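Q: Protein chains in written order, with numbering that gives the first Met the number 0: chain A, 0 to 388; chain B, 0 to 378.
It is worth saying that the hints were derived from the structure and are not from the lab. These numbers come from a predicted model, not from an experiment. Certain hints may be false.
[As the list claims (entries may be wrong)] SDA-like cross-link-like pairs, simulated, lysine to any residue; straight-line CA separation at most 25 Å:
#1 K93(A) with S205(B)
#2 K257(B) with G360(B)
#3 K33(B) with E75(A)
#4 K93(A) with E75(A)
#5 K33(B) with G234(A)
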Amino acid sequence: MRMMNAALLTGPYDWDAELLPLPEFQQRLAQVRKVLAEQQVAALLVHGNSLEYGALAWLTGFVPKLGPAFALINIEDPIRLLISGSPSMLPAAKRLTWIDDVNAVGDLKSSLTDWLSQLRDAAGLSVGLWGDPLMTFRANLAVRTAIQRFGRIVELHDRLQAVRLAKSPRERELLRRACAILTISHDAFLDAVRHGCGARSAALAAERSAFQAGAQDVRILASAKDGGAPVAFDGAVDPIRNPLIACIAVRFAGYWTEGFLTCGTNRGSLVRAQAALSAMLSHARADQTFSALRAIGEREISPYRANRFIRVDELDSIGLGLDDVSGGGSRAGRDLKAGGVYTLCAGAAGEGSDSAIVSAVIAVDARNTEILWPSVAGPSDAVSVRESQ
Amino acid sequence: MNLADRMHVVRKQMAAHDVDLLIASSNGFHALDKPDAVTHLCGYRSLGESFLLVHRGGSVNLYVSPAGDADRVAAYYSMSRWSAIDDLGGTLASHLSHSRLTTVRVATVGFDSLPYRLAERVLAAAGDNLVAFDSIFYASTAQKTETEIQRASQATAIAEQGFDRLIELAHPGMTEASIAVQLNCFTKSLGANDNFLMLSASTHNSAVMPSSSRRLAPGDILLAEFSPSFEGQFSQICRTVSCGPPRPELQEKYDLVKRAMWAGIETVRPGIAVSEISKAVDRVLEAAGYEEYCRPPYMRRRGHGLGCGSVAPGDIARDNHAILEADMMFVVHPNQYIPEVGYLLCGEPVRVTATGYEILGEQPAKLGTIGPEHAGCAQ
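Only chain A is shown next, with the shape it has when bound in the complex (with noise of 0.2 Å):
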């Protein structure tokens, strides 16, 4: 789900060894780097902002709190960074990489033209980009505008994001601790609902317990009817929904993971929800297209409508890559690969605001799907899962 954007992140960000060591990072620039030298290109910037940094966080482990960043890459030398915010303000920034060259980003166009006339052959370079679809037009204006004066863009973000979506072992340890805390922040949710708390309320308790828990960021919507989707809080009213929807969306050591939960008064919907979704994890394996889980969520979903939360999608983990906020688009042609990590949803709706919205995450294997997060039941369902492969 899009979350609500944060005018500042604040929670702890600094580049954690322990979590992510630097071969971790070596490793992914190294795979980027032959990337780079299959498709003939000698340099790529890569961008981020307090929007959409998944591509910069991957690589550099830093998340830009203060506007657009730019890493800049090259086959040999060590990666630059260029971040928003004045030169005073360097020493917090570092603490947030493994990159050593970081600086204020100052003008742009010539701190890119600065960059790319140190290039060797500098004419006639052939200069990628990646991550560059949130990137503002003023920014890209600037962009373009430097590089086509040395030389060629090549468009390298579909390419280098597909490098990504396979997760390491360590990525799926950290995914796993995301979800642990999803799992504590899900369950405050729910005792704050049980309370008589509200919608906001409730929010707020899951957000202190994410926190607690470790979590770096946290972002919550909540339906704004009675079984309304989730939606953004707009001002303090707190109020009372039955049912009550919500996405819970969990950020630790830079991986995000989400839950949706239903809450209130049982009815129809939430049972075709849950037997939706279960349908759906029994049959999600590599190769599954996205189409054909949605298919067999959608026969278990009947007599009720399937809502528009009833979908697949690709959890890409890093920056607030969690669904539409690249710009959505169909996925129907797409399908489970081995390494990713995906959410499953199923929504039910019956008469009036009889609704429910349920969900998982899971991974992906050649062999095996290992449920991470379930909101149907307990663990229970990832040994079923499992044992039925």
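Based on these hints, arrange chain B on the given structure of chain A.
A: For chain B alone, kept in the frame of chain A given last:
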């Protein structure tokens, strides 16, 4: 002033500049010091990108993304004509293509901050007779509405309670991030929907920075910009806290910065240039021998407007010659580097009144102290 009045002003400007259609945009990032044209005109804080189409003589249409935000628009905003869609660029481009814009003048606001692919797609469909309208748009609508002023007052009250909470909870051993997270949770529990909270500490600060995992230590000077947003309207107070009893020199320099702030605030009235506030702040510091530190790289601005929506009158800086009008709001913060003690924060949000100024807060800035009884405690 209310949103209808503001829209009326915009329509008058459209007529004066022969603009037939205004396309106001938002990138969904709601910041303290960045403008948001959609929020400014209709109050809606978009989750994703959004556009508001204002036809000179008639309709106003809001297009928001993603489609899932429909319930929120319906529940919280009293818009009459709106659409919530996932393919915002395609839908809007199609709408514009069918609107026969070849003969009309189209003005845009906020496109520089949109994702470029979305901006290019919409611009391509908007015809050839395009004009960037940002300057005119914001200059003519710089006054806050009564509701925005009320919300800023609420946000300021939350900020002040946040500062009180900081004094209660912060102690040596806690990380900056842990303090910031707890304060954010606290201000949300008071009704804030967001908080641009810069909080950092050092024995000698060069600036206030986003919070890190550095642990607070006795002798530190903790800096905090509390900037909660209440129902979308930000305010800001800037504060400095001594970890342990303040050295006499710190208290003395803090008092100097505070005097500079009040000198700036006391110049505020309709009709003066924004630069006069900055100059008044500088004069106090220059007289104390810190002229060098009133210029870049040490100093860039002495405050700024308060979004989201419009951030008029812009930065409180020597090169800002905008003229103050009643019901403008901004924070005045000297936030000065002093070589003997480092960077110090001191700032208050003000509203321009018909004859002068009003401070939005009730607890003026003073040097805070985290008591020695907390020393040695760790979290």
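Q: Take the C-alpha atoms of K33(B) and E75(A), compute the straight-line distance between them, and say whether it is at most 25 Å.
A: violated, 38 Å
Q: So if I understand the rule, the pair passes when the alpha-carbon distance is 25 Å or less; does K93(A) with S205(B) pass?
A: Distance of about 15 Å is within 25 Å: holds.
Q: CA of K33(B) to CA of G234(A), is that 25 Å or under?
A: Status holds; Cα separation ~20 Å.
Q: K257(B) and G360(B): Cα distance at most 25 Å?
A: holds, 15 Å
Q: Holds or violated: K93(A) with E75(A), Cα cutoff 25 Å?
A: This hinted pair holds, its Cα atoms lying about 22 Å apart.
In summary, the one numbered hint that this structure violates is 3.
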